[in-house]
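These protein sequence lines are chains A and B, in that order. When we follow this note's numbering, the leftmost residue of the first sequence carries the number 15, and every step to the right adds one. When we follow this note's numbering, the leftmost residue of the second sequence carries the number 63, and every step to the right adds one.
Calculated from the structure, these hints are not laboratory results. We put the beta carbon where it would ideally sit given N, CA and C, even for glycine. One thing to keep in mind: the hints can contain errors.
Unchecked claim - Only pairs whose alpha carbons sit at most 27 Å apart, straight line, appear in this in silico DSS-like list of lysine-lysine:
(1) K314/A / K241/A
(2) K429/A / K345/B
(3) K481/A / K464/A
(4) K345/B / K433/A
(5) K429/A / K268/A
(6) K259/A / K266/B
(7) K424/A / K241/A
(8) K241/A / K377/A
(9) K232/A / K119/B
(10) K424/A / K232/A
(11) K259/A / K227/B
(12) K111/A / K484/A
(13) K268/A / K266/B
(14) K114/B / K457/A
(15) K266/B / K232/A
(16) K345/B / K232/A
(17) K127/A / K329/A
(18) K433/A / K119/B
(19) K396/A / K481/A
(20) K119/B / K434/A
(21) K179/B / K119/B
(22) K272/B / K224/B
(23) K464/A / K63/A
(24) K119/B / K436/A
(25) K119/B / K429/A
(26) K345/B / K434/A
(27) K436/A / K345/B
(28) K268/A / K433/A
Said to hold, decoys possible - Have a look at the derived ranges for each label pair, beta carbon to beta carbon:
(29) E311/A / G120/B: 47 to 53 Å
(30) P313/A / R222/B: 56 to 62 Å
(31) K266/B / G290/A: 28 to 34 Å
(32) T297/B / E443/A: 36 to 42 Å
(33) K241/A / E205/B: 55 to 61 Å
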Amino acid sequence: MSKLVNSIKEAVQKVGLKDGMTISFHHHMRNGDFVLNMVLEAIAELGYKDLTVNASSVFDVHEPIIGHVKNGVVTGIECNYMGGKVGKAICEGLMEKPVIFRTHGGRPSDMEKGTSHIDVAFIAAPTADDMGNCTGKYGKSACGSMGYAFADAMNADKVVVITDNLVPHPLVDFSISEIYVDYVVEVDQIGNPAGIVSGTTKITRDPVGLKMADYAAKVIEASGLLKDGFSFQTGAGGATLATAKYVQDIMLAKGIKGSYGMGGITKYMVEMLNNGCFQALLDVQCFDLDAVQSIRENPKHMEVTATHYAGVSGKSAAVDNLDVVLLGATQVDLDFGVNVHTDSNGYIMGGSGGHSDTAAGAKLTMIIAPLIRARLPLVVEKCLCTSTPGSTVDVVVTQRGIAVNTKYGKNQELKEALKKAKLPVVEIEDLKRMAEEIAGTPKPVQLTDKVVAHVMYRDGTLLDTIKAVK
Amino acid sequence: MRRSMLFIPGNTPNLLMNGDVLGSDSIILDLEDAVSPAEKDAARILVRNALKHLHYKGCEIIVRINPIETDFWQKDLDEVIPLCPGMIMPTKVSCANDVKVVSDYIAEVEARHGIEKNTVKLIPLIETAMGVENAFNIASADERVAAIFLGGEDLTADLRCKRTKEGNEIFYARCRMVNAARAAGVDVYDTPFTDVDDIDGLYKDAQFAKSLGFTGKASISPRHVEGINEVFSPTQADIDYAHEVMETIRIAKEQGKGVVSLRGKMIDAPIVTRAMQVIEMEKAIFGGVEDDE
Numbered sequence: 015m016s017k018l019v020n021s022i023k024e025a026v027q028k029v030g031l032k033d034g035m036t037i038s039f040h041h042h043m044r045n046g047d048f049v050l051n052m053v054l055e056a057i058a059e060l061g062y063k064d065l066t067v068n069a070s071s072v073f074d075v076h077e078p079i080i081g082h083v084k085n086g087v088v089t090g091i092e093c094n095y096m097g098g099k100v101g102k103a104i105c106e107g108l109m110e111k112p113v114i115f116r117t118h119g120g121r122p123s124d125m126e127k128g129t130s131h132i133d134v135a136f137i138a139a140p141t142a143d144d145m146g147n148c149t150g151k152y153g154k155s156a157c158g159s160m161g162y163a164f165a166d167a168m169n170a171d172k173v174v175v176i177t178d179n180l181v182p183h184p185l186v187d188f189s190i191s192e193i194y195v196d197y198v199v200e201v202d203q204i205g206n207p208a209g210i211v212s213g214t215t216k217i218t219r220d221p222v223g224l225k226m227a228d229y230a231a232k233v234i235e236a237s238g239l240l241k242d243g244f245s246f247q248t249g250a251g252g253a254t255l256a257t258a259k260y261v262q263d264i265m266l267a268k269g270i271k272g273s274y275g276m277g278g279i280t281k282y283m284v285e286m287l288n289n290g291c292f293q294a295l296l297d298v299q300c301f302d303l304d305a306v307q308s309i310r311e312n313p314k315h316m317e318v319t320a321t322h323y324a325g326v327s328g329k330s331a332a333v334d335n336l337d338v339v340l341l342g343a344t345q346v347d348l349d350f351g352v353n354v355h356t357d358s359n360g361y362i363m364g365g366s367g368g369h370s371d372t373a374a375g376a377k378l379t380m381i382i383a384p385l386i387r388a389r390l391p392l393v394v395e396k397c398l399c400t401s402t403p404g405s406t407v408d409v410v411v412t413q414r415g416i417a418v419n420t421k422y423g424k425n426q427e428l429k430e431a432l433k434k435a436k437l438p439v440v441e442i443e444d445l446k447r448m449a450e451e452i453a454g455t456p457k458p459v460q461l462t463d464k465v466v467a468h469v470m471y472r473d474g475t476l477l478d479t480i481k482a483v484k
Numbered sequence: 063m064r065r066s067m068l069f070i071p072g073n074t075p076n077l078l079m080n081g082d083v084l085g086s087d088s089i090i091l092d093l094e095d096a097v098s099p100a101e102k103d104a105a106r107i108l109v110r111n112a113l114k115h116l117h118y119k120g121c122e123i124i125v126r127i128n129p130i131e132t133d134f135w136q137k138d139l140d141e142v143i144p145l146c147p148g149m150i151m152p153t154k155v156s157c158a159n160d161v162k163v164v165s166d167y168i169a170e171v172e173a174r175h176g177i178e179k180n181t182v183k184l185i186p187l188i189e190t191a192m193g194v195e196n197a198f199n200i201a202s203a204d205e206r207v208a209a210i211f212l213g214g215e216d217l218t219a220d221l222r223c224k225r226t227k228e229g230n231e232i233f234y235a236r237c238r239m240v241n242a243a244r245a246a247g248v249d250v251y252d253t254p255f256t257d258v259d260d261i262d263g264l265y266k267d268a269q270f271a272k273s274l275g276f277t278g279k280a281s282i283s284p285r286h287v288e289g290i291n292e293v294f295s296p297t298q299a300d301i302d303y304a305h306e307v308m309e310t311i312r313i314a315k316e317q318g319k320g321v322v323s324l325r326g327k328m329i330d331a332p333i334v335t336r337a338m339q340v341i342e343m344e345k346a347i348f349g350g351v352e353d354d355e
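All chains, full assembly: derive it from the sequences and hints.
Right, here's the structure in full:
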C-alpha cells in the first residue's frame with residue numbers, strides 16, 4: 015500500500031474538497047514557506063471557490079492569497095499571526111468576512127473542542143515516507159519542530175502531507191504518524207529554509223535595546239524567580255534575546271539549574287541548554303537553523319505540540335508552569351493591555367501567537383519594548399487592539415523606566431523588590447508622559463466601522479475586534 | 063561628577079534621543095570623526111535640535127566640534143553655543159593658542175546671544191605629540207578650560223606607532239597629561255578603550271588609568287559605561303574613611319584641637335580635601351536614590 019499521489023491537484027480531488035470548506039496549513043517554514051501558495055494555486059486552477067484558509071500564521075511570503083481573495087477562491091482567513099503585507103490589505107477592507115485571530119494555544123484547542131473544524135489539512139513536511147509518517151527534523155528543507163501541525167493532522171477530516179524529501183517507509187523518528195494521513199505528495203521544494211530565520215532572531219547591538227535587556231535581566235533576578243527549577247520563554251527580537259544572554263550569564267555565574275526553556279527556539283536558548291542552564295527545551299517552533307540542528311541531535315531538545323505548549327483543551331499545558339516570559343508589544347495601554355496585532359497606524363502586522371497564552375500562564379509576564387518607536391509612543395491611553403489582557407501582564411520594561419502592574423491587586427511585593435534593587439520603577443502613566451514629552455501626542459488613528467478581524471482569546475471568547483483603516 | 067563620558071555620533075537620532083539613559087555621567091555629542099564631511103550640516107542641525115528639545119536629565123552635555131583647521135568648527139559653535147551645552151570639546155588641540163581661538167569665538171557667540179561670558183566650558187582633546195608636550199599650557203590657557211582629554215588613537219598615528227590594548231605606547235602621554243592637568247588645577251580624562259567586546263580589558267585599562275590619577279575615562283560603547291563608572295567611583299572603604307575623617311575633624315573642632323590624627327596618621331589639608339571629594343561623589347552617585355532599607 016502507498017498513499018503517494020502524483021500531484022497536489024490529484025490529492026485535492028481525492029480528498030473530496032468542496033466549495034465552502036476549510037483547509038489548514040502550519041507555518042514552520044515561516045517566511046520561506048512555498049506550500050500554502052502552491053496549494054491555493056492548484057485549488058484555484060481546479061475552479062474551487064469560497065474556501066476558508068486556517069493557517070497557523072500568514073507571512074509576507076503568502077501575499078498571493080490576496081489575489082485568491084479577490085477572485086473568490088478564498089473568502090475566509092483564520093490565523094494566529096499575520097504579516098504586514100496581507101495585514102494591510104485586510105485593513106483596507108479586502109474581505110467581506112472578518113479574519114479570525116486565535117492564539118497558538120487557542121487554535122488547537124478550538125479544533126479539539128470542535129469549534130474550529132478543518133476539512134482538509136495540508137502539511138508541509140521536510141521529510142516523509144509514502145505512508146505519511148513525517149518530521150521536520152531532516153531533509154533539505156528541515157524546519158525542526160512541527161508543533162503546530164499536530165492538531166491539524168489529528169483533527170482534520172482529511173490530511174495531505176506534502177514533502178520534498180520522500181524516504182522509504184518506515185520513517186525513523188517521525189513526528190506525525192501515518193495514522194492521521196490520507197495522501198502524500200512529493201514536490202520539488204516545500205520552501206526555502208533560509209526563510210525560517212527572520213531578521214529578529216539575532217541579539218541587538220543597539221545600545222538602547224541592550225539597556226532594556228539589562229533592566230529586564232535585573233527585573234528577573236530581583237523577582238526571586240531565578241533559582242533552581244527556573245522556567246523561561248523568550249520570543250524572537252533583539253532585546254529579548256539579549257535579555258536571555260544576560261539571564262544566562264547570571265545563571266552560569268550563580269550555578270542555577272533551570273527546568274525548561276520554551277517557545278520559538280533560537281540558538282541562544284540552545285546555548286543555554288548546552289551550558290546546563292536548562293534540563294530541557296520544549297520546542298513548538300524553531301526560529302533559526304541552529305535550533306533545527308539541535309532538535310535533531312539533542313534528545314533534551316524536545317518537540318512539543320501546540321496543545322502541550324499552550325492549549326486550554328488538555329489537562330495541563332507547559333505555559334502553566336512557566337516562571338518568566340518576555341514578550342514584545344507595539345502598544346501598551348494604561349491598564350497594561352498589550353497590542354501585538356496592529357501597528358500604531360491601525361494596520362495588522364502581527365498577532366497573538368503565544369503572547370496571551372504565555373502571559374496567562376507565566377508567574378512573571380514581562381513586556382520589553384522601546385518607549386518610542388518610529389516617533390510614536392509605546393504607552394497609550396487605550397490600545398488600538400487588545401491582544402493580551404492587562405490583568406495577565408506584570409511588568410513593562412523600557413529604556414526610561416520599568417512599570418509594575420499593581421492595578422489588579424497583585425505585584426506589590428514585586429514592585430518593592432525592584433525598588434530595593436535600585437531599578438528605575440515608575441508608574442505606567444509616567445511612561446506615557448515621558449514618551450509624549452519627547453515625541454508629542456499622536457493624533458488618533460482614523461478607523462471605519464467595518465470590522466475586519468475578530469481577536470479571539472485562548473478560551474474561545476471574543477477579546478477585541480480590529481476595524482478597517484480610513 | 064564626571065567619571066564616564068560616552069561618545070554619541072551626532073548623526074544618529076535614536077542614540078541622541080536616548081543619550082541620557084545609557085548610564086554615563088556625560089555624553090559627548092560628536093560632530094567630528096563620527097560624521098562624514100557630507101553629513102556635517104545634517105548632524106549639526108540634529109544636535110542643535112536635540113539640545114533644544116530633549117532634557118538629558120542628570121547627564122552633562124559635551125559637544126565635540128571639528129578642528130580649527132576645517133571650515134566646520136565655527137558653524138558648529140554658531141549652532142550649539144546658544145543652547146548652552148555644559149562643555150565644548152575642541153579637537154586636535156596642540157597649543158594654548160588653539161584654545162584661545164576657540165574660546166574667543168565662543169565668547170563672540172555668547173555675547174551675540176546675551177549669554178553670560180564663560181558659561182560654556184572647554185575640555186580640549188589632546189591627540190598630537192605637540193599637544194602632549196604642551197599639555198600644561200593648554201590646560202592653563204583659558205579660564206574656560208575645566209578639563210583636558212587624551213585621544214590615544216590619533217596620538218599613536220602621530221607618534222607613528224601601533225595602538226595596542228596594553229597601551230605602553232601612550233604611557234608617557236598619560237602621565238604627562240595627568241601631571242599637566244593637576245598642575246593647572248583641572249580634571250583629566252583618559253582615552254577610550256576601543257575593543258567593545260572585551261569587558262575584562264576595559265576594567266584593566268580603566269583601573270590603570272585611575273591608578274595614574276585620571277579623573278575618569280571616555281567610552282565609545284555604552285557597554286563600557288558601567289565598568290568605567292564602577293572603577294572611577296569611590297569604594298565603600300573610601301567612603302567610610304572619608305566620613306571618619308570628617309567626623310574626626312568635627313570632634314576636634316568641638317574640642318578646640320588644632321592638629322588631629324586618625325589611626326595614628328595626621329589629618330592634613332590634602333586628606334580633608336580628598337575626603338570632601340569622596341563624600342561629594344557619594345552624594346552624586348547615591349544621593350538621588352531612595353533607600354528603603
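Now the hints, each set against the structure:
Taking the CA atoms of K314/A and K241/A, the gap is near 20 Å; set against the 27 Å cutoff, the hint holds. In summary, the hint linking K429/A to K345/B is supported, as the alpha carbons are separated by about 25 Å, within the 27 Å threshold. Of the supplied pair hints, the one linking K481/A and K464/A holds, its CA atoms being roughly 5 Å apart against a limit of 27 Å. For the given pair, K345/B sits about 19 Å from K433/A by alpha-carbon distance, which is consistent with the 27 Å threshold.
Between K429/A and K268/A, the direct Cα distance comes to roughly 24 Å. Compliance with the 27 Å bound is thereby established for this hinted pair. A distance of roughly 23 Å separates the Cα atoms of K259/A and K266/B; the hinted pair therefore holds under the 27 Å criterion. Of the supplied pair hints, the one linking K424/A and K241/A holds, its CA atoms being roughly 21 Å apart against a limit of 27 Å. For the hint pairing K241/A with K377/A, the CA-to-CA distance comes to about 14 Å; that is within 27 Å, so the pair holds.
Among the hinted pairs, K232/A with K119/B is consistent with the structure: their alpha-carbon atoms are about 22 Å apart, no more than 27 Å. For the given pair, K424/A sits about 20 Å from K232/A by alpha-carbon distance, which is consistent with the 27 Å threshold. A distance of roughly 26 Å separates the Cα atoms of K259/A and K227/B; the hinted pair therefore holds under the 27 Å criterion. Restraint check for K111/A and K484/A: the C-alpha separation of about 18 Å stays at or below 27 Å, so the hint holds.
About 23 Å separates the Cα atoms of K268/A and K266/B, which keeps this hinted pair within 27 Å; it holds. A hinted pair counts as satisfied when its Cα atoms are at most 27 Å apart, and K114/B with K457/A qualifies at roughly 23 Å. Of the pairs offered as hints, the one joining K266/B and K232/A holds, with about 25 Å between alpha carbons and a cut-off of 27 Å not exceeded. Proximity of K345/B to K232/A is assessed by CA-CA distance (about 24 Å); at most 27 Å being required, the pair is judged to hold.
Simply put, K127/A and K329/A have alpha-carbon atoms about 13 Å apart, close enough for the 27 Å limit, and the pair holds. Taken as a hint, the K433/A and K119/B pair is honoured in the structure, with Cα atoms around 20 Å apart against an allowance of 27 Å. At most 27 Å may separate the alpha-carbon atoms for a hinted pair to count; K396/A and K481/A meet this at roughly 15 Å. Of the supplied pair hints, the one linking K119/B and K434/A holds, its CA atoms being roughly 22 Å apart against a limit of 27 Å.
Annotation: proposed proximity of K179/B to K119/B holds, straight-line Cα distance about 24 Å (limit 27 Å). For the proposed pair K272/B and K224/B, the alpha carbon gap of about 23 Å is at most 27 Å, so the pair holds. A C-alpha spacing of about 24 Å is found between K464/A and K63/A, which places the hinted pair at or below 27 Å, so the restraint holds. About 18 Å separates the Cα atoms of K119/B and K436/A, which keeps this hinted pair within 27 Å; it holds.
Straight-line distance between C-alpha atoms of K119/B and K429/A comes to about 24 Å, which keeps the hinted pair within the 27 Å bound. Using a Cα cut-off of 27 Å, the hinted pair K345/B and K434/A holds, with the two alpha carbons roughly 18 Å apart. With a C-alpha separation of about 15 Å, the suggested pairing of K436/A with K345/B holds against the 27 Å cut-off. This hinted pair checks out: K268/A and K433/A have alpha carbons roughly 22 Å apart, not beyond 27 Å.
Separated by about 50 Å at the C-beta atoms, E311/A and G120/B satisfy the suggested range of 47 to 53 Å. P313/A and R222/B have their C-beta atoms about 59 Å apart, which keeps the hinted 56 to 62 Å range intact. Range check, K266/B to G290/A: Cβ separation about 29 Å, and the 28 to 34 Å hint holds. As the Cβ distance of T297/B to E443/A is approximately 38 Å, the hint placing it in 36 to 42 Å holds.
Against the hinted window of 55 to 61 Å, the Cβ-Cβ separation of K241/A and E205/B comes to about 57 Å, which satisfies the hint.
In terms of the numbered hints stated before, the structure departs from none.
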